[in-house]
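*Asks:* 186 is the number of the first residue of the sequence shown in the numbering used here; add one for each residue after it.
Check each hint, because a few of them may be wrong.
To be verified - Simulated restraints on C-beta separations: (1) D520 x D256: 56 to 62 Å; (2) D530 x P338: 44 to 50 Å; (3) S452 x K492: 31 to 37 Å; (4) V298 x K492: 21 to 27 Å; (5) P495 x A526: 32 to 38 Å; (6) H327 x D256: 40 to 46 Å; (7) E342 x E501: 26 to 32 Å; (8) D530 x K213: 20 to 26 Å; (9) D520 x L488: 23 to 29 Å; (10) G496 x H327: 17 to 23 Å; (11) K399 x F227: 43 to 49 Å; (12) G448 x N244: 21 to 27 Å.
Source of the hints: derived by calculation from the structure; they are not laboratory data.
All C-beta atoms, glycine included, are put in the ideal place defined by N, C-alpha and C.
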Amino acid sequence: MQLSSRLQKFNEPETLKMAKLGRELRAKGIDVIDLSLGEPDFDTPTHVKDAAIKAIHDNWSHYTPVAGFLDLREAVCVKFKRDNNLDYAPENIVVSTGAKQSLANAILALVDVGDEVIIPTPYWVTYSELVKIADGKVVEIHTTLEQQFKITPAQLEAAITPRTKAFLFSSPCNPSGAVYSKEELAGLAEVFRKHPDVAIISDEIYEYINFVGKNESIAQFTDLKDRIIIVNGLSKGFAMTGWRLGFTASNVTIAKGMEKLQGQITSGTSSITQKAAIAALTGDLKPSHDMVAEFTRRRTRVLELVKEIPGIKCFEPQGAFYIFPDVSSYFGKTDGQTTIANASDFCMYLLNTAHVSSVMGDAFGEPKCVRFSFANSLPNIEKAWARIKEALAKLK
């Protein structure tokens with residue numbers, strides 16, 4: 186049977202691929218420490234689980250509206266007002282089966298064949314592949330560690346062409362941990378005002394995991410708000426990865442387009458998850474704050490450990506739970522058996538020698554770098570980086 190040519194246009198997520206390789210080694214009895222996946226190692230808060238159990242007993246077991254229950258969309262609006270001082274109505278909100286589906290909805294609703302989508306590097310692995318699925322063209326703006334992995338207004342201006350349909354970015358950023366300040370977003374907003382046909386997709390899924398204070402949304406610039414699609418969800422800030430719930434906020438025309446798409450693909454997301462989500466968004470945020478406090482401690486320790494390893498240049502992340510160091514000083518080195526030619530070789534060397542999984546920077550648009558998660562226990566993190574230090578010392 187001949188499969189669709191569409192499958193040749195995009196790649197398997199490297200994050201999932203590396204996690205799979207780690208599981209395969211673990212199945213052979215090897216103690217692999219996972220620093221590859223972006224998943225909080227915390228349990229969902231008790232009050233959220235209780236709301237889900239109550240929803241089951243209350244028989245919320247039937248099909249849901251495609252865009253989500255009205256009371257959930259109202260709760261999302263409350264969250265936007267409380268956390269971001271943004272005014273949205275339920276008709277602006279579309280609830281999906283995870284933020285990944287929300288991103289897919291946004292891109293497929295906007296992008297036609299040949300349309301350009303500007304994406305600053307480094308970016309989450311799925312961004313570029315979704316644009317390819319939509320038959321669009323990815324236009325990368327490369328950043329550097331020295332500029333804290335954030336683009337300048339001049340870089341944005343230079344990347345926009347008559348074919349530009351959208352700009353897609355995240356803050357806090359996966360994988361770099363970069364966070365745009367209000368002043369930096371204001372600089373980008375000035376450029377967008379010159380190009381009124383460019384849509385802006387703002388991925389804010391790591392909003393709560395922020396080490397520099399309040400997260401700033403580009404939607405606060407009210408004259409641009411009608412062109413902005415905010416993507417968010419519960420997986421990171423509430424440790425609800427398996428519950429699968431994301432949401433978007435946009436103008437009504439875009440929202441209806443995304444709802445139409447979703448209606449033919451998955452329809453509405455899980456009724457039980459939606460009821461749990463209301464409790465998450467409107468309930469006590471202390472579990473989220475406690476989780477961020479622990480991530481803060483881990484970030485401090487990871488940065489201390491990395492400084493002990495020569496040849497690794499590391500930006501101090503301002504949000505999310507990753508470091509994204511430049512490891513290119515190891516390219517060309519060998520332990521006598523394995524030669525490190527690139528970031529992929531570097532990751533495979535660490536997996537096979539140190540038994541630590543990570544993700545090569547090529548997947549994120551920056552081939553000199555590697556992503557390491559610190560969404561793991563502090564003892565595991567310390568053990569992993571001791572192994573990494575020992576393995577890298579063998580390379581000459």
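*Asks:* Work down the list of hints and note, for each, if the structure agrees.
*Replies:* For each hint, the structure was consulted:
1. D520 x D256: 56 to 62 Å: 58 Å, holds
2. D530 x P338: 44 to 50 Å: 36 Å, violated
3. S452 x K492: 31 to 37 Å: 50 Å, violated
4. V298 x K492: 21 to 27 Å: Violated: the Cβ-Cβ distance is about 48 Å, outside 21 to 27 Å.
5. P495 x A526: 32 to 38 Å: 20 Å, violated
6. H327 x D256: 40 to 46 Å: Given about 44 Å between the Cβ atoms, the range holds.
7. E342 x E501: 26 to 32 Å: 28 Å, holds
8. D530 x K213: 20 to 26 Å: 21 Å, holds
9. D520 x L488: 23 to 29 Å: For D520 and L488 the Cβ distance comes to about 26 Å; the hint holds.
10. G496 x H327: 17 to 23 Å: 22 Å, holds
11. K399 x F227: 43 to 49 Å: 22 Å, violated
12. G448 x N244: 21 to 27 Å: Distance hint for G448, N244 holds at roughly 24 Å.
The structure fails hints 2, 3, 4, 5 and 11 (numbered hints given earlier, in ascending order).
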